[in-house]
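Using the sequences plus the hints, can you model the full thing?
Residue numbers (the numbering used here), protein chains in the order written: chain V, 22 to 423; chain Y, 22 to 423; chain A, 22 to 423.
Heads up, some of the hints might be wrong.
In silico DSSO-like cross-links for lysine-lysine, where the CA-CA straight-line distance does not exceed 27 Å [as the list claims (entries may be wrong)]: (1) Y:Lys96 / Y:Lys192; (2) V:Lys81 / Y:Lys340; (3) Y:Lys80 / Y:Lys179; (4) Y:Lys80 / Y:Lys117; (5) A:Lys340 / Y:Lys117; (6) A:Lys80 / Y:Lys117; (7) A:Lys81 / V:Lys340; (8) V:Lys340 / A:Lys80; (9) Y:Lys331 / V:Lys80; (10) V:Lys80 / Y:Lys340; (11) A:Lys405 / A:Lys192.
Examples of chain V residues toward chain A, derived with CB under 7 Å [unchecked claim]: (12) Gly35; (13) Thr36; (14) Tyr114; (15) Ile322; (16) Glu353; (17) Gln358; (18) Ala370.
Computed Cβ-Cβ distance ranges for the label pairs, DEER-style [what the hints assert, rightly or not]: (19) A:Gly39 / V:Glu344: 40 to 46 Å; (20) Y:Arg40 / V:Gly150: 22 to 28 Å; (21) A:Ala391 / Y:Arg40: 26 to 32 Å; (22) A:Ser400 / V:His44: 36 to 42 Å; (23) V:Ser365 / A:Lys80: 25 to 31 Å; (24) V:Gly53 / A:Gly39: 55 to 61 Å; (25) Y:Leu139 / A:Ser365: 23 to 29 Å; (26) A:Gly35 / V:Ser365: 49 to 55 Å.
Hints listed in this document are in silico derivations from the structure and should not be mistaken for laboratory results. Virtual Cβ for every residue (Gly too), placed ideally from N, Cα, C.
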Amino acid sequence: MTDVQVRDGGVDQGTGYGRAPQHSNNTLIEVGPGTACGELMRRYWQPVAVSSDITTVPKKVRILGEDLIIFRDRKGRPGLLYPRCMHRGTTLYYGKVEDEGIRCCYHGWLFDVEGHCLDQPCEPNHGEGHREKVRQPWYPVEERYGLIFAYMGPPEKKPVLPRYDVLENLKPGQEIHALMGGFGSTGDGSFDVLPYSWLHMNDNVLDPFHVQVLHSTFTGAQFHPQFALMPQVDFTQVDDGVYYSAQRTLDDGRHVDRISHWICPNIMSVPSIFLESGPSTMVSWVVPVDDTHYTQAFATIGNQLSGGLKIDGSYWGEKTEEERQRVPGDFEAQFGQGPASLHSEEHLATSDRGIVMQRRLLERQMKVVAEGGDPVGVSFDPAKDVVHVRSGNFFRPSEAAE
Amino acid sequence: MTDVQVRDGGVDQGTGYGRAPQHSNNTLIEVGPGTACGELMRRYWQPVAVSSDITTVPKKVRILGEDLIIFRDRKGRPGLLYPRCMHRGTTLYYGKVEDEGIRCCYHGWLFDVEGHCLDQPCEPNHGEGHREKVRQPWYPVEERYGLIFAYMGPPEKKPVLPRYDVLENLKPGQEIHALMGGFGSTGDGSFDVLPYSWLHMNDNVLDPFHVQVLHSTFTGAQFHPQFALMPQVDFTQVDDGVYYSAQRTLDDGRHVDRISHWICPNIMSVPSIFLESGPSTMVSWVVPVDDTHYTQAFATIGNQLSGGLKIDGSYWGEKTEEERQRVPGDFEAQFGQGPASLHSEEHLATSDRGIVMQRRLLERQMKVVAEGGDPVGVSFDPAKDVVHVRSGNFFRPSEAAE
Amino acid sequence: MTDVQVRDGGVDQGTGYGRAPQHSNNTLIEVGPGTACGELMRRYWQPVAVSSDITTVPKKVRILGEDLIIFRDRKGRPGLLYPRCMHRGTTLYYGKVEDEGIRCCYHGWLFDVEGHCLDQPCEPNHGEGHREKVRQPWYPVEERYGLIFAYMGPPEKKPVLPRYDVLENLKPGQEIHALMGGFGSTGDGSFDVLPYSWLHMNDNVLDPFHVQVLHSTFTGAQFHPQFALMPQVDFTQVDDGVYYSAQRTLDDGRHVDRISHWICPNIMSVPSIFLESGPSTMVSWVVPVDDTHYTQAFATIGNQLSGGLKIDGSYWGEKTEEERQRVPGDFEAQFGQGPASLHSEEHLATSDRGIVMQRRLLERQMKVVAEGGDPVGVSFDPAKDVVHVRSGNFFRPSEAAE
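Printed below as a string of structure tokens:
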């Protein structure tokens, strides 16, 4: 190769030399106890497992930076406990589940699903008079839509567990299916937990523009072919979140308004990517596992996801590194930002106004919580537990007569 | 699953929300140079290898947070050296052992087992006049019971290497076997080094109660079936440590007093877990590798351990994750506390009084050492080098006439 | 084994007890932006890839602690860019190369090889009026000798890309071959990037003495057998570096003067290890990847290296751990110093005076750069771009008549 130079002329501008160090917006990334975002997340019920996965064999679960164990006692009640036994710290993962609760393997201390200590077999009188003073830290759980939800916030602020209108009033023959894992990122079950922050996926949902590039024109249609049309987009903030309305006139003349509603802090309802008509048939939760990992829980009408979505003829889990580089999808776009993005070097544009609205709403709600208030979307009234989800693909016929 | 709630009524108590951060008692965990526990450990000879394993091929060893190499010169003398050659730091692991010592591969500097530099071949006159000023850091070693012991403490305080009465005065045909590894945790040779602190195992030895749960009633007998009987236990502090006396009346009417003696700082003599009668036939040392790893050295009369101990029909190394969760043993109970336990959240009970006595004695001895004194159990008099070990299973016949 | 003790008599001297903590000379190790050594390295063109390896498929590269991507646009121009797209940070590793540059997969922003943003397809008018304000950080690159060189320093101080006289004025039939990887350490292609600092290899090149030990007498001849002769060595500092002259009288009576020239900061020209007569036919660059990794770029006359060098009958990549311990080479000697050496515990001797001169020159040049000056070996005059390389094996016949 001959010597090649590309020159502005004069001194090079804009090189990497001397750039200031960049950083993440930790307010949106850190989810552990006591962090702003962690305290916001903790004010809402978060899905922690699929109901049918939880049996009398304890499982490990990590959520919001906390390692826990989850099991079902022999009366069928789910329990979510801090794992280190309050005696001397052996994990209850090795415990044995009995009718009343779980018994630690080391010295047999027995705890129910609310952490009450019911037995200390090595102590005089099985610890009578003393076991009442020991409480295994626990979290309340409730089940709905085939998922187990946990409330990890201040007990006096525990809200009702919401219902979502798109998942209620099912027609005969309709069932709700529950799933957890990386289906929203890779399209298949390759990951139980994704190796990057919850915010990457949260940023993705109010971003209809990337669909036209990443999932359409960049390497070919990954969803419905008509996503190749750049939409006209409006973003609207509502009381509990933000939604976009992405309008397209299809080749056949029909007009479609695709509405995607994000609900504070981490709930979304993505309308059918195959442009099926009508309200959305799915609700999902982007659940932070810790600052640099998340998972996603899904409740869908019908079994929509477990079969996986092929991109360019194969599932993500079957692709080589070379294929993923050549035909990237959401996982590459999100994971490619790193475990946590460096927000200080972002250049947000008009196509990002949905994300700007989302992040502002989140930061405002974090402030509300820090100042002792209640964030949007929590209800303490069992009669007011239904959330209206606006998502869907809404068609109008073409204006020409058929 | 229908919605399920378990309620106290009112506001939930004792949840995980808002718990203070927990911590380890670092005084008992940290074993590096200059730490309280590290300085205590360094006042005693510590086993570092099995004699028959050490040859003219150098081996890496890590102990008390220090990386070293160990070898035997061609005169049969073991050497334990700081590995980084005092010339420019290449590890003597790649050195070549000669009659007089070990020669570094890079520039051929030769060191004997006391770190004297005997040759610098690239220097004028082989470094005469200069090599005397270089000393490869080393530690004195002595061999006994088939083990190589190292003394890593202040040279002027080097004690005699102890003898243990239960390993002396062997009968004809009796031999001592030496072993190092995780046999005391998993029962087999799966680990050379265990992935958790020395203290987990030290806590375990003066804990006769867990034997009745973990090794008996929890999932079935792992040792002698009569361990299912909860013992009557007395703990006694003696000059060099603590021992327990765990008394049981067996089904056949015999009374057994099982005595287990722990000797400061990390020496134990576990009597036969098959309740064989008489004094213990083993001494072992729980050797800290670093703050979150340990290994264990054993000297036994007869080859008691290398065949391994099956739990529930198989060796630990053969079990699946599912089997280990279902039938846990000492490894699960100890490793399940984490690499170092969080002592701030322990709730010690009456069954833990042996551990309380152990920890107090250890902390007292650390203070003695820090103030310039000599800890219990070290002797500087070769005529006073025998330690009396109290461990054993001592039977009395039943009180009814036979 | 009977009890064995080796004694000085009296109190042991020179043991490992109580040694002060040791440390690296970070001035020579740290190569990131803003560090003394990093700023020195950045004043010179550094090889970053082999030209023929760089295609329209982007590759990841790490150099001087910076992660970058490198590609060739469809006009054949190489581009070296900061990988995180200036929009929202997705790595351009998943980008698609077009005629004019590389297009990010997420929202399609297009950048040329100098980081100009040419298209923002989701923005009104493709971002006209706004994309001019976005610049993807980039580094200028030039190609020579089959390598792509990058300049990562202050733009106003960009020097000419040097030529090396030993690689110029080729004879008919001679070609230059380029290679990158660990060939200078293991002798084969086992490593693209070595797991230790650049300084280990830099120390190695002005060290003719180790050749007599490590590569000859220690386990047998690894290079020309005559390297077993300890050479007479002179070290000379010149304006741009240091060279040694290692003189030997061979068995056949010929006198060889082996000259090895190191050029500040990280350039070397190792003469033939088979003692082929004449000037060196290779130039190499020890390229710091980060503080604890480096790689090496080679430009050789003829294909000298890619076939690999066998040591003791096999390639490094084929050897077992046992074989590498028994017959160590440069990799073992260098990697055996650790990821960064602990310079505070070195004992440099007369055989190390070349290294002392090298390190002093490096530290002096770092000071020059820190004070705003130009280090040795950079030229800003295209007419003065040739560097004289002194390396070679220069023979004189024996003094006896043939």
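Margin query: Between the alpha carbons of Lys80 (chain Y) and Lys179 (chain Y), is the straight-line distance 27 Å or under?
Written below: 25 Å, holds
Check: Holds or violated: is there a CB of chain A closer than 7 Å to the CB of Glu353 (chain V)?
Finding: OK, holds: Glu353 (chain V) within 7 Å of chain A, min 5 Å.
Margin query: Need the status of pair Lys405 (chain A), Lys192 (chain A): alpha-carbon distance at most 27 Å?
Written below: Satisfied, since the Cα-Cα distance of roughly 23 Å is no more than 27 Å.
Item checked: Consistency of beta-carbon spacing, Gly39 (chain A) to Gly53 (chain V), with hint 55 to 61 Å -> Violated - the Cβ-Cβ distance for Gly53 (chain V) and Gly39 (chain A), about 40 Å, lies outside 55 to 61 Å.
Item checked: Pairwise beta carbon distance, Arg40 (chain Y) to Gly150 (chain V), judged against the given window 22 to 28 Å -> 25 Å, holds
Check: Going straight from one Cα to the other, do Lys80 (chain V) and Lys340 (chain Y) come out at no more than 27 Å?
Finding: Holds: Lys80 (chain V) and Lys340 (chain Y) sit about 18 Å apart, inside 27 Å.
Notebook entry, point to check: Is the Cα-Cα distance between Lys81 (chain A) and Lys340 (chain V) 27 Å or less?
Noted result: Holds - the C-alpha atoms of Lys340 (chain V) and Lys81 (chain A) are around 19 Å apart, at most 27 Å.
Item checked: Whether the CB-CB distance between Ala391 (chain A) and Arg40 (chain Y) falls inside 26 to 32 Å -> 50 Å, violated
Note to self: Hinted pair, alpha-carbon criterion (27 Å max): Lys340 (chain V), Lys80 (chain A). Please report holds or violated.
What the structure shows: 18 Å, holds
Note to self: Take the shortest C-beta to C-beta distance between Gln358 (chain V) and chain A; is it under 7 Å?
What the structure shows: 4 Å, holds
Next item on the list: Using the Cβ atoms, figure out if Ser400 (chain A) sits within 36 to 42 Å of His44 (chain V).
Entry: 38 Å, holds
Check: At the C-beta level, are Gly39 (chain A) and Glu344 (chain V) separated by a distance inside 40 to 46 Å?
Finding: Cβ of Gly39 (chain A) to Cβ of Glu344 (chain V): about 58 Å, so the range 40 to 46 Å is violated.
The structure is inconsistent with the numbered hints 1, 6, 14, 15, 19, 21 and 24, although it conforms to all the rest.
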